[in-house]
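As given, the protein sequences belong to chains A and B, one line each in that order.
If you're matching positions, the first sequence starts at 6 in our numbering and goes up one per residue.
If you're matching positions, the second sequence starts at 629 in our numbering and goes up one per residue.
These aren't lab readings, by the way, just hints derived from the structure by calculation.
Among these hints, one or two may not hold up.
[As the list claims (entries may be wrong)] Taking lysine-lysine pairs in the DSS-like style, the calculated list, with each CA pair at most 27 Å apart, reads:
| no. | chain 1 | residue 1 | chain 2 | residue 2 |
| --- | --- | --- | --- | --- |
| 1 | A | 7 | A | 256 |
| 2 | A | 96 | A | 256 |
| 3 | A | 7 | B | 813 |
| 4 | B | 859 | A | 96 |
| 5 | A | 209 | A | 96 |
Chain by chain, the residues:
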Amino acid sequence: MKGTIHVRYEILRSARNPLLLGISWALPLVVFYAVAPEQRHALADCLTAPNGHGMTDCVSFPLYFMTAMAAYGAMWATIAPGARIARDRGKGWIRQLRTTPLRARTEAVAKVLASYLGALPALVLLYLAGVSLGVRLDAAQWFEMTGLLLVGLAPFVAIGIVFGHLVPPDAITVAEAGFVVILALLGGAFGTLFAGGVMLRVVKLLPSYWLVQAGKTAIGSGSWPAEAWIVVGIWTLCSVPLAALAYQHDKARV
Amino acid sequence: MAVVSAETAGIRTTGLTKSYGSVHAVRGIDLVIAPGETVALLGPNGAGKTTTVDIFLGLARPDGGTVFVFGASPTEAVRSGWVGAMLQSGSLPDHLRVRELVTLLASYYPHPRRVDEVLDQTGTADIAGRWTNKLSGGQAQRVRFAAALASNADLLILDEPTAGIDVEGRREIWRAIRAVAERGKTVLFATHYLEEADANADRIVLIARGEIVADGPGSEIKAKVGSRTVKATLPGVELAELRALPGVLGAERHGEAVTLSCSDTDAALGALFGSFPAVRDVEVRGASLEEAFLELTGDEHGDQDAKVEASRPGNEEPG
């Protein structure tokens, strides 16, 4: 197929970025092992019970933190290729590509694949770390959890592309870091912020919240509601066309 | 110039205009480039070369006029892989090695050249394993050229291909470009190196202030400027006396040597030998392309009229 070399080199370039390795794969793993062993038997991520008394929907701390760190690393990995777009743009490389027959579709496929392939090791490494601290899920639960994580990451892939085409190269790292850290923080990746109330309802509108919640598949189907799919779906449906628009806008500008 | 139909022309433009704000970068370019021609787009910085090239590549949209590349729009031609380009500005992407980069660029085209062959021909084989962001300016320029060459496209558009490259490197690049031309490809290169245009192009299109001021072989452009230069060794003669000779436009002295710029060298030489028998080491030469260039395009800061005047062929010839 014509575009395979482009896709392959896009992935290769992505993998050669030491930042990806450090921030998206190594750091979440280190943080997980620094925090989780001491709270191995604790419960986490509880919600206020519907009757207002006590807590419900808790999961084990290792499961919660495994998912949180996996999501955090994966958010970084999926948004990171956007920074490469900005750098390539700054170097005039995108402009050079416009003089070749390279198709927009091939570019898009390459970016998405590079994003997801960068995210996979973050997930797998944290799953293994979770298992080493006693996290046990059945196959269907692992599968379902990974499914939501992958879908929930789609907006980050798209937003990376939006940033890459619109943010100046010297501001891209700050923009992406700010976006990921704020969403991770509000989503509860560094500890649950809200167990109930208005703020919980607000953060439930963020894809990062549902990424962190993906571990709740462990406690039954009802804990991973349709709401998760709707929120993630809306973010995806809005951010993907936005990425296409940003690409087109950039193309018209060069 | 050969008559070439819109369908078969490599590039055909009529009345091309492009402005950026109040800057009229291109104002009315009509040009036909036949397939297989090697054409130099020659002009000073800011003449509109890069804007013209950008329009041919579909990177800029003209405000007015038409442009066809092999009978199609520039965008279609690019998408079809008919055009290989080397842009003037821009550096190489990071996290790739030289060979990988050339391989990547070649992969976009329907009938690319063998990467090893291109690396050899551009003198980049010995740096094939280097990271593209760890190259010197000249090396990076060669790699960019190699990438354009790898396309094996029918039309090669090169914007200042030898900028920042040492003399040896230039020779290699021009050898490679001529080899491409010999295979029947169409080559358009922009340059402000006059010698390069003269030595490597079938035809020179001289462009200044967004307009074509001359178009033809290097020799034709020189002929458009009527003046010839006579150099001679002639001590102790007043310049005013020399300037008064028939056919002489001006005279300068460098030590014992005098340089006469002439509108009619035959008359000037006859008068020179007649009036000054002591004259020796007489040498006649046509104006260099550099001089032709200055005369045709006028001072870069000069007014519009000067250029229009100069672009009229032989306007300084008597009669």
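These are the hints, each one checked on the structure:
1. Of the pairs offered as hints, the one joining residue 7 of chain A and residue 256 of chain A holds, with about 22 Å between alpha carbons and a cut-off of 27 Å not exceeded.
2. For a cut-off of 27 Å, the pair hint linking residue 96 of chain A to residue 256 of chain A stands: about 15 Å separates their Cα positions.
3. Between residue 7 of chain A and residue 813 of chain B the alpha-carbon distance is near 24 Å, which keeps this suggested pair within the 27 Å criterion.
4. In summary, the hint linking residue 859 of chain B to residue 96 of chain A is not supported, as the alpha carbons are separated by about 49 Å, beyond the 27 Å threshold.
5. Annotation: proposed proximity of residue 209 of chain A to residue 96 of chain A is violated, straight-line Cα distance about 39 Å (limit 27 Å).
Going through the hint list in order, the structure does not satisfy hints 4, 5.
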